[in-house]
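K.L.:
Residue numbers (full-length UniProt numbering), protein chains in the order written: chain A, 1 to 228; chain B, 1 to 149.
Quick caveat, the hints were computed from the structure, so don't treat them as lab data. Heads up, the beta-carbon is just placed ideally off N, CA and C, and yes, glycines get one too. Any given hint could be a false lead.
[As the list claims (entries may be wrong)] Computed list of lysine to aspartate or glutamate pairs in DMTMM-like fashion (alpha-carbon distance at most 25 Å, straight line): (1) Lys-158/A / Glu-23/B; (2) Lys-24/B / Asp-98/B; (3) Lys-190/A / Glu-23/B; (4) Lys-54/B / Glu-185/A.
[What the hints assert, rightly or not] Away from chain A, derived, C-beta distances all over 12 Å, residues of chain B: (5) Pro-6; (6) Ala-46; (7) Lys-47; (8) Thr-48; (9) Leu-52; (10) Met-55; (11) Val-57; (12) Asp-93; (13) Gln-110; (14) Asp-114; (15) Gly-122; (16) Met-124; (17) Arg-125; (18) Ser-132.
[Unchecked claim] From the derived model, a few chain A residues whose C-beta atoms are all more than 10 Å from chain B: (19) Ala-9; (20) Glu-45; (21) Met-57; (22) Arg-66; (23) Arg-69; (24) Ser-176; (25) Lys-186; (26) Lys-188; (27) Thr-207; (28) Gln-226.
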Amino acid sequence: RPEHRRETARFWRENRAEAALRERCLVPAEEYERFVQALERALAEHQRREEERILQMAADIREAERRQRETVQAALQKYCSFFLNRTQLHTEPELCAGPSVCRPPAGPERDSPCTAEQPSPSRVQTGPDLAWMESGNVLTFIGHQEREGEGNVHTGAKPPWLTEEEDGSKQQIGPSYEDFLKHKEKQKLKKLPMERVGANFDHTSQTNDSWLPSFGRVWNHGRRWQSR
Amino acid sequence: MSFLLPKLTCKREVDQAIKSVAEKVLVLRFGRDNDAVCLQLDDILAKTSHDLSKMAVIYLVDVDNVPVYTQYFDISYIPSTVFFFNGQHMKVDYGSPDHTKFVGSFKTKQDFIDLIEVIYRGAMRGKLIVRSPIDPNNIPKYDLLYQGI
Numbered sequence: 001r002p003e004h005r006r007e008t009a010r011f012w013r014e015n016r017a018e019a020a021l022r023e024r025c026l027v028p029a030e031e032y033e034r035f036v037q038a039l040e041r042a043l044a045e046h047q048r049r050e051e052e053r054i055l056q057m058a059a060d061i062r063e064a065e066r067r068q069r070e071t072v073q074a075a076l077q078k079y080c081s082f083f084l085n086r087t088q089l090h091t092e093p094e095l096c097a098g099p100s101v102c103r104p105p106a107g108p109e110r111d112s113p114c115t116a117e118q119p120s121p122s123r124v125q126t127g128p129d130l131a132w133m134e135s136g137n138v139l140t141f142i143g144h145q146e147r148e149g150e151g152n153v154h155t156g157a158k159p160p161w162l163t164e165e166e167d168g169s170k171q172q173i174g175p176s177y178e179d180f181l182k183h184k185e186k187q188k189l190k191k192l193p194m195e196r197v198g199a200n201f202d203h204t205s206q207t208n209d210s211w212l213p214s215f216g217r218v219w220n221h222g223r224r225w226q227s228r
Numbered sequence: 001m002s003f004l005l006p007k008l009t010c011k012r013e014v015d016q017a018i019k020s021v022a023e024k025v026l027v028l029r030f031g032r033d034n035d036a037v038c039l040q041l042d043d044i045l046a047k048t049s050h051d052l053s054k055m056a057v058i059y060l061v062d063v064d065n066v067p068v069y070t071q072y073f074d075i076s077y078i079p080s081t082v083f084f085f086n087g088q089h090m091k092v093d094y095g096s097p098d099h100t101k102f103v104g105s106f107k108t109k110q111d112f113i114d115l116i117e118v119i120y121r122g123a124m125r126g127k128l129i130v131r132s133p134i135d136p137n138n139i140p141k142y143d144l145l146y147q148g149i
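For reference, chain A alone in the conformation it holds in the complex:
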């Protein structure tokens, strides 16, 4: 390629490298062509693989969703039949009619509720544990919170608890003067020894009218050694 030759020549002149090396560094034309073709092929191959991967992921997600839906339906049908069994305590025909009312795609489970009531409670008990995660799929959906004009927590808008300006009463931020004084007192208290008497006195506990401090068991019965 002519311009390739010119460029290498210029590069060699500018950096004053060995002339012998230059010949070796020249890329012959056919090598270049081969490289271009290989590049196209590799690119096509890569794109194809990426698309395949994405389709595979989509199929996996669809499959997982389908399985989730089926498990939810199976669990719901179990509950449905269980409640119907409980409400219909009368005769056999009614018992068998109950499950058949809610006949689901999952056939095999239907026979067992017809036989006896005793096994079914135990079976439904193990059911909810397995179906705990699947029932999370039926979270109540309360609608898109769409408000294009204002932002929300994801877009970094101002939080509502900071936007309240017309609340009125206290405009100052931070503790009041009394709180500050109390805080200073508490700091001083922290310097006192930890094992002093009454260190763990709970000042904030509510006491009723008949509360009295315990002072040496004056009004109490018992031995003297119990008065500690």
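Chain B: place on chain A using the hints.
P.N.:
Chain B in isolation, oriented as in the chain A frame:
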């Protein structure tokens, strides 16, 4: 179950809770009291709230009462639980698409307790986002619907 936990009924009360709860994780459950999954979650919250009382404060919020918050947090599935610490919204990576809230219920009480502990420790160290200790199999799966895509 929801009568055992305190409730917040209007935006002002929610604001008050966020701004005033100090040095403890604030747990806000957004949902409805009569929804099935909300009942499960409220049961776990109620049973653990006493043991976690030193680390966390739990409130229930009905999504119909506070449309501002429902829209701000983009709550499309209920129950959704949002965590705060000292007025700062805490994000948690559960392995689910949305880190700003926990959607659904917990499988066991221990999962919830572990999560609160991790959030508390992370917040004490100054981290705004922590990684959830819950096994990803126990996280409810849901489809996150993006608008306009």
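K.L.:
Could you tell me which of the numbered hints above are not met by this structure, giving the numbers in increasing order?
P.N.:
Every hint satisfied by this model.
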